[in-house]
Amino acid sequence: MLYALLFWEFFKIGLVALGGGMVTVPFLFNLADKYRWFTHRELVDMIAVAESSPGPIGINMATYAGYKTAGITGGLIATCGLVLPSLIVIIIIAGILNKYRQSDKFMEIMHTVHPAVLAMILFAGIELGRLVVVNQTAIIIGIIFWGAIHFVKLHPILYIVAGGITGVLMGL
Amino acid sequence: MLLELFWSFFKIGLFTFGGGYAMIPLLQSEIVERKNWVSEEEIMDYYSIGQCTPGIIAVNVSTFTGYKLRGIKGAVAATLGIVCPSLIIITALANILNILIENEAVNHAFSGIRIVVIALMADVIINMWRKNIKDFWQFMVFAIAVTAMVFWGASPFWIIIAAAFFGLVLRKGN
Chain L
1 MLYALLFWEF FKIGLVALGG GMVTVPFLFN LADKYRWFTH RELVDMIAVA ESSPGPIGIN
61 MATYAGYKTA GITGGLIATC GLVLPSLIVI IIIAGILNKY RQSDKFMEIM HTVHPAVLAM
121 ILFAGIELGR LVVVNQTAII IGIIFWGAIH FVKLHPILYI VAGGITGVLM GL
Chain W
1 MLLELFWSFF KIGLFTFGGG YAMIPLLQSE IVERKNWVSE EEIMDYYSIG QCTPGIIAVN
61 VSTFTGYKLR GIKGAVAATL GIVCPSLIII TALANILNIL IENEAVNHAF SGIRIVVIAL
121 MADVIINMWR KNIKDFWQFM VFAIAVTAMV FWGASPFWII IAAAFFGLVL RKGN
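Chains as they are written, first to last, in this note's numbering: chain L, 1 to 172; chain W, 1 to 174.
Quick caveat, the hints were computed from the structure, so don't treat them as lab data.
Ideal placement from N, C-alpha and C gives every residue a C-beta, glycine not left out.
Where hints are given, some of them may not hold.
[To be verified] DSS-like cross-link-like pairs, simulated, lysine-lysine; straight-line CA separation at most 30 Å:
#1 K105/L - K131/W
#2 K35/W - K12/L
#3 K12/L - K134/W
#4 K153/L - K131/W
#5 K134/W - K68/W
#6 K153/L - K68/W
#7 K99/L - K73/W
#8 K105/L - K172/W
#9 K12/L - K172/W
#10 K105/L - K11/W
#11 K134/W - K105/L
#12 K153/L - K11/W
#13 K12/L - K11/W
#14 K99/L - K131/W
#15 K11/W - K68/W
#16 K35/W - K153/L
#17 K99/L - K172/W
#18 K134/W - K153/L
#19 K134/W - K99/L
#20 K35/W - K99/L
#21 K68/L - K11/W
[As the list claims (entries may be wrong)] One-sided and incomplete, this derived list gives chain L residues near chain W with beta-carbon spacing under 7 Å:
#22 N30
#23 I149
#24 Y159
[To be verified] Here are some, though not all, of the chain W residues that point toward chain L, as calculated from beta-carbon distances under 7 Å:
#25 G19
#26 I125
#27 F142
So that you can see chain W by itself, here it is in the shape it has in the complex:
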């Protein structure tokens, strides 16, 4: 089980291009649908909390998942899994990375990969929309959050805090 956890997160780390949120389609497929380890709602909870706690969000989400399955040992196994591919690849290629990212073929490959990652993320948003945007207030939070980040450069940390506070206010109102 610990090895399985490590290996799943190793694969996810190896194929994550573009940071913590770009990892979501892989998490969804690997640990929600295939392994049934956590639910989609739990992943969303982990991102909500992981955005507001110290450390890198990708690591936070991995630690959460590992802990849920096998306690502290699971948390360590999942975290090692997500970290190891970077550690191995960057260390092995450190001396040629600068040359590599100037290489034309490598850049074409990255462009293709980024287009696919964007398509995967778009599909995640479409699939999650129905479950997460069910009423007017939820739509408002979504719309304001997008506007605040794209046009005002607002920090995701404060957006999550504001959304949480708003949730509490709504609860009082009901």
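Extracted from the complex, chain L is given alone in its bound form:
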């Protein structure tokens, strides 16, 4: 019952992994040791793929790891397993949140938590910056794009597509 085992292992990861997609990585290394579904070397390659492909990194990792283990169905099962715990937990919490969102206590807590979330956005941007070769051209292109984003306000998807094209044309 490879499929059931795959589902169960990813369900457990979904249940204990907190936060961004990269937190699933240590658990996947454990899986590699436990079952030999994929090797450490393959996992390192998977991280590079999951960081670059569109979509949440954790989902990309699960789909890819599941695919390596048991083909297309494996990818689907691993992803479902990873997502299901958060789906259940968030549905329960969302019900509770609806009741308390307007309470003073909740607002007071969020008063200091929102700045921490802002810090996390900054940190995620810095981490992403580590994957870019930072030189004069990159900085100038970044500033030009920021100007366009700030003052023209088109849909972000258009800027992302334009960024991809600029990257190819300028050999970034």
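Keeping the supplied structure of chain L fixed, place chain W upon it in accordance with the hints.
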């Protein structure tokens, strides 16, 4: 409505490069400004809670939004939407992904995309700054959180917990 939810999150999943927080500019534009489904504050609430609950933050935020709009069905629709692009792309390209990410043109495209994503995130921070950093304590939380993550490698989970606890202490103090 369910289809609309699915489709919005499908688009967001398809154009998210760089993980859960890199998704914020897309959420802001698509579901806050264009669709008016949730407020900016609610998105921040979802990230705060989603960071501390099981699962991947991008999925948690999608589930929250879907639930708010259409209950459990909405939660499932939004979650399927955010997950499907990865599922389709990775499955379709699994056998050539290793070759693809070594390809020079693909790497140039990714570099360009990452620069734009950083610019989009910078713009989000600038826009959110005024609403979220209004007093000294909020600035301190921001500064300490950034320092703790960049220099000490602190985990976002504990930072959120600490910030929440600090909020409670401040409330008692007032």
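These are the hints, each one checked on the structure:
1. A hinted pair counts as satisfied when its Cα atoms are at most 30 Å apart, and K105/L with K131/W qualifies at roughly 19 Å.
2. For the hint linking K35/W to K12/L, the alpha-carbon distance of about 35 Å lies beyond 30 Å, and the restraint is violated.
3. Between K12/L and K134/W, the direct Cα distance comes to roughly 40 Å. Violation of the 30 Å bound is thereby established for this hinted pair.
4. As the CA atoms of K153/L and K131/W are separated by approximately 19 Å, the hinted pair is consistent with the 30 Å bound.
5. About 28 Å separates the Cα atoms of K134/W and K68/W, which keeps this hinted pair within 30 Å; it holds.
6. Taking the CA atoms of K153/L and K68/W, the gap is about 27 Å. The hint holds against a cut of 30 Å.
7. The suggested pairing of K99/L with K73/W holds, with an alpha-carbon distance near 19 Å, which does not exceed 30 Å.
8. A C-alpha spacing of about 10 Å is found between K105/L and K172/W, which places the hinted pair at or below 30 Å, so the restraint holds.
9. Taken as a hint, the K12/L and K172/W pair is broken in the structure, with Cα atoms around 38 Å apart against an allowance of 30 Å.
10. Of the pairs offered as hints, the one joining K105/L and K11/W is violated, with about 35 Å between alpha carbons and a cut-off of 30 Å exceeded.
11. This hinted pair checks out: K134/W and K105/L have alpha carbons roughly 18 Å apart, not beyond 30 Å.
12. About 18 Å separates the Cα atoms of K153/L and K11/W, which keeps this hinted pair within 30 Å; it holds.
13. For the suggested pair K12/L and K11/W, the alpha carbons sit about 28 Å apart, so the restraint of at most 30 Å is met.
14. With a C-alpha separation of about 24 Å, the suggested pair K99/L and K131/W falls inside the 30 Å cut-off, and the hint holds.
15. For the hint linking K11/W to K68/W, the alpha-carbon distance of about 19 Å falls within 30 Å, and the restraint holds.
16. Distance check on the hinted pair: K35/W and K153/L sit about 16 Å apart at the alpha-carbon level, within 30 Å; holds.
17. Between K99/L and K172/W the alpha-carbon distance is near 22 Å, which keeps this suggested pair within the 30 Å criterion.
18. The straight-line distance between the Cα atoms of K134/W and K153/L is roughly 25 Å, inside the 30 Å bound, and the hint therefore holds.
19. Proximity of K134/W to K99/L is assessed by CA-CA distance (about 26 Å); at most 30 Å being required, the pair is judged to hold.
20. Simply put, K35/W and K99/L have alpha-carbon atoms about 24 Å apart, close enough for the 30 Å limit, and the pair holds.
21. Between the alpha carbons of K68/L and K11/W the distance comes to roughly 26 Å, so the proposed pair stays at or under 30 Å and holds.
22. The interface hint given for N30/L is broken, as the beta carbon of that residue sits about 17 Å from the closest beta carbon of chain W, more than 7 Å.
23. Checking I149/L against chain W: minimum C-beta separation of about 5 Å stays under 7 Å; hint holds.
24. With 7 Å as the threshold, the beta carbon of Y159/L comes within range of chain W, its nearest partner Cβ sitting at about 5 Å, so the hint holds.
25. A cut of 7 Å between beta carbons decides the hint on G19/W: the least distance to chain L is about 5 Å, and the hint holds.
26. Interface hint status for I125/W: upheld, as the beta-carbon distance to the closest one in chain L is roughly 6 Å, under 7 Å.
27. For F142/W, the suggested interface contact is upheld, since its CB lies about 4 Å from the closest CB of chain L, less than 7 Å.
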